[in-house]
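Undergrad: Take a look at the letters that make up each chain.
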Amino acid sequence: MKDLSPRSSAPADETAATTQGIKIVGFLCNWCSYGGADTAGVCRFKQPTDLRVVRIPCTGRMDPLFIAKSLIYGVDGVLVSGCHPRDCHYAVGNFYARRRMEALKAFLPFMGIDTQRFRYTWVSASEGQQWQKVVTEFSEQIHRLGPNPGLKQRSGDHSIPSIALR
Amino acid sequence: MNNNPYLPELATVQEIITETGNIRTLRVTLDNKQRMEQFDFRPGQVGQLSVFGTGESTFVINSPPTRKDYLQFSVMKTGEVTQRIHQLNTGDQIGLRAPLGNGFGFEDMKGHDILFVGGGIGMAPLRTLLLYMIDNRSDYGDITVIYGARSPKDLCFTYEFQEWRDGGINLILTVDAEFPGWKERVGFVPTVLSEVAPSAKNRIAITCGPPIMIKFVLFGLKELGYEDPQIITTLEKRMKCGIGICGRCNAGSKYVCLDGPVFSYDQIRSMGGEL
Amino acid sequence: MAVGWVKRSAAHHAVSEIERVEKAVLETSRMQLHKLVEEALPELEMMIGWAESSDPLQTTPIFIRDAKSISKLTCGPLCSQNLTGYLVKPPALDSVPKDAKPIGICVKGCDSRSLVALIQEKFLTRDRVRIFGIPCRGTVDWRKVEKRVQLLNVKSATVEDDWLILDDSGTTHKIALEEVLSRKCLGCRYPNPVIHDVLIGQSATPRSTDLATTYRDVDAIEKEPLEQRLAFWQSELDRCIRCYACRNACPLCVCQDKCIVETREPRWLTQRAGIPEKFLFHFIHAMHLAGRCTGCGECERVCPMEIPVTLIKEKLNKIMEEMLGYAAGLDPDAVPPLLTFNPGETEI
Amino acid sequence: MAVKIFIATDRLDSVLEKLSTKIDLLIPASLKDDKSAPTGFVPFVPGTAPAFDRQTTTPLKKALLPQVETLLRFEYHKDPQGSPKSSVTVDDQRQVRPTLVFGARPCDVKALTTLDRVFSNGPYVDPYYVERRKNTLFATLVCRQNDAKCFCTSVGGGPADMEGSHLRIVPVDGGYVVEALSPEAQTLLENLADAPDSARDAQAGQIVEEALKRRVGELDTKGSPEAFRKRFDQTDYWFQMINQCLGCGVCTYVCPTCYCFTITDEVENLKGERLRSWDSCMFYHYTLEASGHNPRPTKLERYRNRVGHKFSYIPERYEGLLGCCGCGRCIRSCPVSIDIRQVVGHLKENTSE
Chain A
0 MKDLSPRSSA
10 PADETAATTQ
20 GIKIVGFLCN
30 WCSYGGADTA
40 GVCRFKQPTD
50 LRVVRIPCTG
60 RMDPLFIAKS
70 LIYGVDGVLV
80 SGCHPRDCHY
90 AVGNFYARRR
100 MEALKAFLPF
110 MGIDTQRFRY
120 TWVSASEGQQ
130 WQKVVTEFSE
140 QIHRLGPNPG
150 LKQRSGDHSI
160 PSIALR
Chain B
0 MNNNPYLPEL
10 ATVQEIITET
20 GNIRTLRVTL
30 DNKQRMEQFD
40 FRPGQVGQLS
50 VFGTGESTFV
60 INSPPTRKDY
70 LQFSVMKTGE
80 VTQRIHQLNT
90 GDQIGLRAPL
100 GNGFGFEDMK
110 GHDILFVGGG
120 IGMAPLRTLL
130 LYMIDNRSDY
140 GDITVIYGAR
150 SPKDLCFTYE
160 FQEWRDGGIN
170 LILTVDAEFP
180 GWKERVGFVP
190 TVLSEVAPSA
200 KNRIAITCGP
210 PIMIKFVLFG
220 LKELGYEDPQ
230 IITTLEKRMK
240 CGIGICGRCN
250 AGSKYVCLDG
260 PVFSYDQIRS
270 MGGEL
Chain C
0 MAVGWVKRSA
10 AHHAVSEIER
20 VEKAVLETSR
30 MQLHKLVEEA
40 LPELEMMIGW
50 AESSDPLQTT
60 PIFIRDAKSI
70 SKLTCGPLCS
80 QNLTGYLVKP
90 PALDSVPKDA
100 KPIGICVKGC
110 DSRSLVALIQ
120 EKFLTRDRVR
130 IFGIPCRGTV
140 DWRKVEKRVQ
150 LLNVKSATVE
160 DDWLILDDSG
170 TTHKIALEEV
180 LSRKCLGCRY
190 PNPVIHDVLI
200 GQSATPRSTD
210 LATTYRDVDA
220 IEKEPLEQRL
230 AFWQSELDRC
240 IRCYACRNAC
250 PLCVCQDKCI
260 VETREPRWLT
270 QRAGIPEKFL
280 FHFIHAMHLA
290 GRCTGCGECE
300 RVCPMEIPVT
310 LIKEKLNKIM
320 EEMLGYAAGL
330 DPDAVPPLLT
340 FNPGETEI
Chain D
0 MAVKIFIATD
10 RLDSVLEKLS
20 TKIDLLIPAS
30 LKDDKSAPTG
40 FVPFVPGTAP
50 AFDRQTTTPL
60 KKALLPQVET
70 LLRFEYHKDP
80 QGSPKSSVTV
90 DDQRQVRPTL
100 VFGARPCDVK
110 ALTTLDRVFS
120 NGPYVDPYYV
130 ERRKNTLFAT
140 LVCRQNDAKC
150 FCTSVGGGPA
160 DMEGSHLRIV
170 PVDGGYVVEA
180 LSPEAQTLLE
190 NLADAPDSAR
200 DAQAGQIVEE
210 ALKRRVGELD
220 TKGSPEAFRK
230 RFDQTDYWFQ
240 MINQCLGCGV
250 CTYVCPTCYC
260 FTITDEVENL
270 KGERLRSWDS
280 CMFYHYTLEA
290 SGHNPRPTKL
300 ERYRNRVGHK
310 FSYIPERYEG
320 LLGCCGCGRC
330 IRSCPVSIDI
340 RQVVGHLKEN
350 TSE
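Protein chains in written order, with numbering that gives the first Met the number 0: chain A, 0 to 165; chain B, 0 to 274; chain C, 0 to 347; chain D, 0 to 352.
Simulated from the structure, these hints should not be mistaken for lab results.
These figures come from a predicted structure and were not determined experimentally.
Virtual Cβ for every residue (Gly too), placed ideally from N, Cα, C.
Please note that a few of the clues may not be correct.
Distance condition first, Cα-Cα at most 30 Å in a straight line; then the derived DSSO-like pairs of lysine-lysine [as the list claims (entries may be wrong)]:
hint, chain 1, residue 1, chain 2, residue 2
1, C, Lys257, B, Lys236
2, D, Lys270, C, Lys154
3, C, Lys154, D, Lys347
4, B, Lys236, D, Lys61
5, D, Lys61, B, Lys76
6, C, Lys67, D, Lys77
7, B, Lys221, D, Lys229
8, D, Lys31, C, Lys257
9, A, Lys22, D, Lys77
10, C, Lys67, D, Lys229
11, D, Lys34, C, Lys222
12, C, Lys222, A, Lys104
13, D, Lys34, B, Lys32
14, C, Lys154, D, Lys221
15, B, Lys67, D, Lys31
16, C, Lys146, D, Lys347
17, A, Lys68, C, Lys257
18, A, Lys151, D, Lys34
19, D, Lys61, A, Lys68
20, A, Lys151, D, Lys221
21, A, Lys22, D, Lys270
22, D, Lys61, B, Lys32
23, C, Lys257, A, Lys104
24, B, Lys109, B, Lys221
25, A, Lys151, C, Lys222
26, D, Lys21, A, Lys151
27, D, Lys31, C, Lys143
28, C, Lys173, D, Lys34
29, D, Lys347, C, Lys173
30, B, Lys76, D, Lys77
A few chain C residues that face chain D, going by a derived Cβ cut-off under 8 Å, partial list only [claimed, not checked]:
hint, residue
31, Ser52
32, Ser53
33, Val153
34, His172
35, Ile259
36, Glu261
Go ahead and model the full structure; you've got the sequences and the hints to work with.
TA: Written out as structure tokens, the structure is:
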């Protein structure tokens with residue numbers, strides 16, 4: 000298991016310094032993961048500060064376009080978290096969500112968007128430590144990737160070789 | 000106005016009056032004092048209110064040009080901009096592009112009897128002309144106002160009905176159904192119109208209200224012998240530029256924002272297009 | 000007819016005896032269509048088919064209520080439009096009461112899959128339509144034609160076997176059909192209508208039977224590194240003028256006037272013409288079709304800026320097939336994969 | 000004597016480069032490195048190959064009316080005393096750079112005469128358009144090849160119509176003869192290239208003469224405003240003509256004379272912009288009122304309005320001017336092959352029916 004103790008060593012801070020302004024959006028289900036994050040907070044587990052949380056009623060509410068829009072408009076990472084499968088407050092919301100997010104995960108790289116910037120996970124309300132682990136890992140991953148390169152205007156740029164289609 | 004017709008002048012909300020559950024009246028003044036003093040318009044002309052960040056919407060200036068302490072707009076909460084306008088507080092800054100549109104041909108109405116038929120928020124465009132006429136009362140003959148709404152709670156400008164009556168107006172109020180404490184008429188506006196039956200002779204009828212009311216008021220007026228040019232109404236369309244350029248508010252070749260919003264019934268009939 | 004599609008490189012080739020026969024087959028299909036429609040029309044509220052337009056290279060949809068107009072009906076490789084969208088979008092059918100007679104419609108293989116998807120999603124019941132299925136050998140992409148030969152004033156366009164023959168103000172151009180077929184046709188697995196009441200002409204041979212052939216263009220993109228893919232889509236989507244032709248032509252884009260790309264509340268998109276807006280618009284279009292798109296290629300065909308928009312949906316279709324084993328528009332009783340789930344699939 | 004120069008095809012890039020040091024250039028070019036890709040007007044940078052051989056896919060109007068432009072910027076200021084009242088500042092600063100459109104087509108430039116009437120002939124004048132208009136010159140290519148979808152002479156234009164142009168470009172053997180038609184254009188041509196030799200000059204003259212005589216298209220628009228009015232309520236006519244319409248905005252977005260726009264506010268936190276962007280009368284939301292009422296609820300009314308606007312309303316409003324330049328782009332780009340020439344042409348047939 001990875002070291003879960005609060006990180007205060009120099010290298011981590013250095014990474015943070017070079018990737019200042021990293022923005023990660025977290026979509027957390029109201030019943031489990033939001034509670035998990037709360038638990039982590041109550042237990043005073045140290046967590047990265049670059050996550051901005053959006054509370055959603057259920058991961059079944061998660062439109063994959065929320066993730067797409069975030070990444071298109073320059074958010075550096077998107078983390079979605081809900082109840083464990085079979086533990087959904089609404090019984091089946093996360094089953095739907097799982098298919099949608101798997102499809103999106105496979106689709107993003109086709110459009111040139113790094114799929115590593117998106118992760119979904121299941122964390123229950125009692126798993127404060129698990130939440131800390133997930134969010135720390137994901138934050139580190141995004142810091143390693145650096146800022147989202149974003150979408151640039153390509154008008155008049157003829158340097159892009161077109162890919163031969165039929 | 001400045002040389003950029005798209006650039007609103009800044010204005011400040013001075014007073015907000017809650018008229019009904021979903022209608023509020025805003026009294027605003029232009030921040031530029033000189034402009035406010037020189038501001039001139041015709042009754043029936045409109046203004047584009049801007050809430051920066053949400054957008055613009057067109058409303059008639061329903062205070063008359065004879066009373067220029069402030070410009071008054073009555074706004075019904077229906078869309079994105081009007082919702083935002085309802086959230087405004089006194090002292091908030093907004094944008095205003097005014098006056099726009101044609102306004103009522105009040106000069107030609109001199110010496111005539113007048114009939115106003117208004118329904119709900121449709122009273123707002125009529126109010127400006129009505130107050131103008133009260134302020135120039137001797138220029139006009141009989142002035143009858145038939146004003147109706149669903150319930151007493153849906154009537155606007157209730158606080159000045161007495162002033163209208165004192166100004167020599169024959170004010171007839173009606174609501175759709177009986178309500179406890181309601182002492183005026185009961186019945187739909189077109190029905191009340193045929194009961195009152197103001198003579199068409201030398202009279203100009205000005206009507207504004209929901210489309211269905213206008214439709215039946217027109218029937219009623221025709222029955223009373225009103226000719227098309229005697230009937231005047233204001234049209235409403237989705238507008239953006241307000242200056243006859245952006246193209247959307249046309250009915251036939253006329254732009255409601257520029258050539259209207261006031262049209263006589265014969266003009267409407269001749270212009271074609273979708274209403 | 001020759002089995003399979005042997006690619007011929009010669010652009011100009013003498014008209015052989017066999018080809019004359021093939022032309023006759025096409026003519027016969029058209030006559031067969033006329034005859035069948037004539038018989039069926041009294042029982043139909045309306046017939047939706049293709050007719051010649053002012054441009055000989057393109058057909059135009061036609062709505063027939065009157066037997067006099069049946070002669071205008073045509074079929075063949077120039078009939079590229081997918082007509083099924085008209086069944087669910089106003090106002091074509093506003094005038095048709097719900098309890099009216101069924102509506103006749105011409106469908107190619109790909110169009111029939113859209114029909115299945117619409118029936119599956121309950122926009123339509125099977126008994127409301129009389130389906131005239133037309134096996135398809137591929138449809139002509141007029142833009143590909145214009146890229147091969149400079150055309151000034153095409154007087155006529157005919158298909159004779161594997162050739163498209165154009166009379167351009169006296170000059171005859173003979174172009175191998177294979178070279179001007181729409182991109183979607185080159186990986187087509189279902190040239191024959193999967194649902195139909197009558198079938199017109201002989202059945203066609205699928206050009207593809209495997210995912211690799213069908214999704215060859217998707218694979219071509221995926222071979223490129225991530226940055227290159229991003230650059231590719233940025234440069235392609237940058238041309239988008241947001242005319243929404245792709246959306247309106249799509250038979251499964253059923254939201255129409257309520258589409259979230261135009262509404263202000265909710266406001267998904269601004270009016271800005273930047274790359275993010277264009278990207279997001281096409282993401283919205285594609286994601287809303289995930290597991291529903293039948294790959295009819297209408298979105299790409301109608302794009303005035305020649306953006307390969309179908310390709311985006313092709314990738315999602317490929318994901319659906321590989322991950323969930325589902326291809327849209329084949330089984331009217333199936334449930335689209337994103338509208339259902341399987342608790343057991345712990346690792347999809 | 001008018002100033003004329005000859006630009007050899009192989010010198011075109013270097014001449015344009017030289018020209019671009021005097022004035023910003025906008026030229027028709029492929030929007031992709033593939034030459035046969037869709038074309039549009041793009042800012043010239045050395046190496047951009049002009050696509051003079053065919054009409055651009057997107058029209059020229061964006062030179063004067065960009066797809067999106069900022070009308071004004073605003074910023075809210077929080078009250079330092081913490082009162083909920085907010086004040087706002089607004090500015091409409093704009094900058095226009097002198098631009099030469101090199102290689103426009105006569106139809107595209109002709110279309111601007113319609114836009115001029117709408118945007119600059121009042122009663123309100125659109126400063127954004129007018130400032131660009133004053134700072135833009137047009138070098139127009141005499142059209143040597145029209146295709147089956149062109150109908151410029153039917154609507155008052157022509158393959159050599161130079162109305163609104165400042166320079167005339169005539170494609171001749173081995174290059175282009177460019178002639179200044181206005182004094183400001185003459186200065187642009189100074190020291191750019193040599194005068195054409197007499198043979199080329201003569202050829203250019205012949206080409207212009209031929210183009211002036213050429214008739215393009217057979218649409219007769221006389222009486223169309225009245226015919227349209229008569230047809231207005233004949234739903235069957237419109238059903239027959241355009242029921243296949245998809246209701247997309249291609250025709251309006253590729254049209255050089257379609258100018259209708261929308262105005263929207265975009266805001267982030269306390270700062271924002273009021274944008275003007277192209278809109279399309281083919282869209283449902285274009286006329287949708289807040290009350291939910293829509294005067295043009297289906298594509299029948301919307302398409303009818305488009306035809307009416309171009310062939311009846313604009314002529315009525317602006318003394319016979321047409322809202323169509325005959326470029327044929329809407330016909331070329333229509334996904335379902337609707338031909339506006341047929342829709343307009345049939346207006347007059349048996350209107351009494």
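Undergrad: Now tell me, hint by hint, if it's right for this structure.
TA: Each hint, compared with the structure:
no., hint, result
1, C:Lys257 to B:Lys236, "holds (20 Å)"
2, D:Lys270 to C:Lys154, "violated (57 Å)"
3, C:Lys154 to D:Lys347, "holds (26 Å)"
4, B:Lys236 to D:Lys61, "holds (27 Å)"
5, D:Lys61 to B:Lys76, "violated (36 Å)"
6, C:Lys67 to D:Lys77, "violated (72 Å)"
7, B:Lys221 to D:Lys229, "holds (25 Å)"
8, D:Lys31 to C:Lys257, "violated (33 Å)"
9, A:Lys22 to D:Lys77, "holds (26 Å)"
10, C:Lys67 to D:Lys229, "holds (26 Å)"
11, D:Lys34 to C:Lys222, "holds (24 Å)"
12, C:Lys222 to A:Lys104, "holds (17 Å)"
13, D:Lys34 to B:Lys32, "violated (60 Å)"
14, C:Lys154 to D:Lys221, "holds (27 Å)"
15, B:Lys67 to D:Lys31, "violated (59 Å)"
16, C:Lys146 to D:Lys347, "violated (37 Å)"
17, A:Lys68 to C:Lys257, "holds (19 Å)"
18, A:Lys151 to D:Lys34, "holds (23 Å)"
19, D:Lys61 to A:Lys68, "holds (28 Å)"
20, A:Lys151 to D:Lys221, "violated (49 Å)"
21, A:Lys22 to D:Lys270, "holds (21 Å)"
22, D:Lys61 to B:Lys32, "violated (39 Å)"
23, C:Lys257 to A:Lys104, "holds (28 Å)"
24, B:Lys109 to B:Lys221, "holds (22 Å)"
25, A:Lys151 to C:Lys222, "holds (22 Å)"
26, D:Lys21 to A:Lys151, "holds (29 Å)"
27, D:Lys31 to C:Lys143, "holds (16 Å)"
28, C:Lys173 to D:Lys34, "holds (23 Å)"
29, D:Lys347 to C:Lys173, "violated (39 Å)"
30, B:Lys76 to D:Lys77, "holds (26 Å)"
31, Ser52, "holds (4 Å)"
32, Ser53, "holds (4 Å)"
33, Val153, "holds (6 Å)"
34, His172, "violated (14 Å)"
35, Ile259, "violated (12 Å)"
36, Glu261, "holds (5 Å)"
In this structure, the hints that do not hold are numbers 2, 5, 6, 8, 13, 15, 16, 20, 22, 29, 34 and 35, in rising order.
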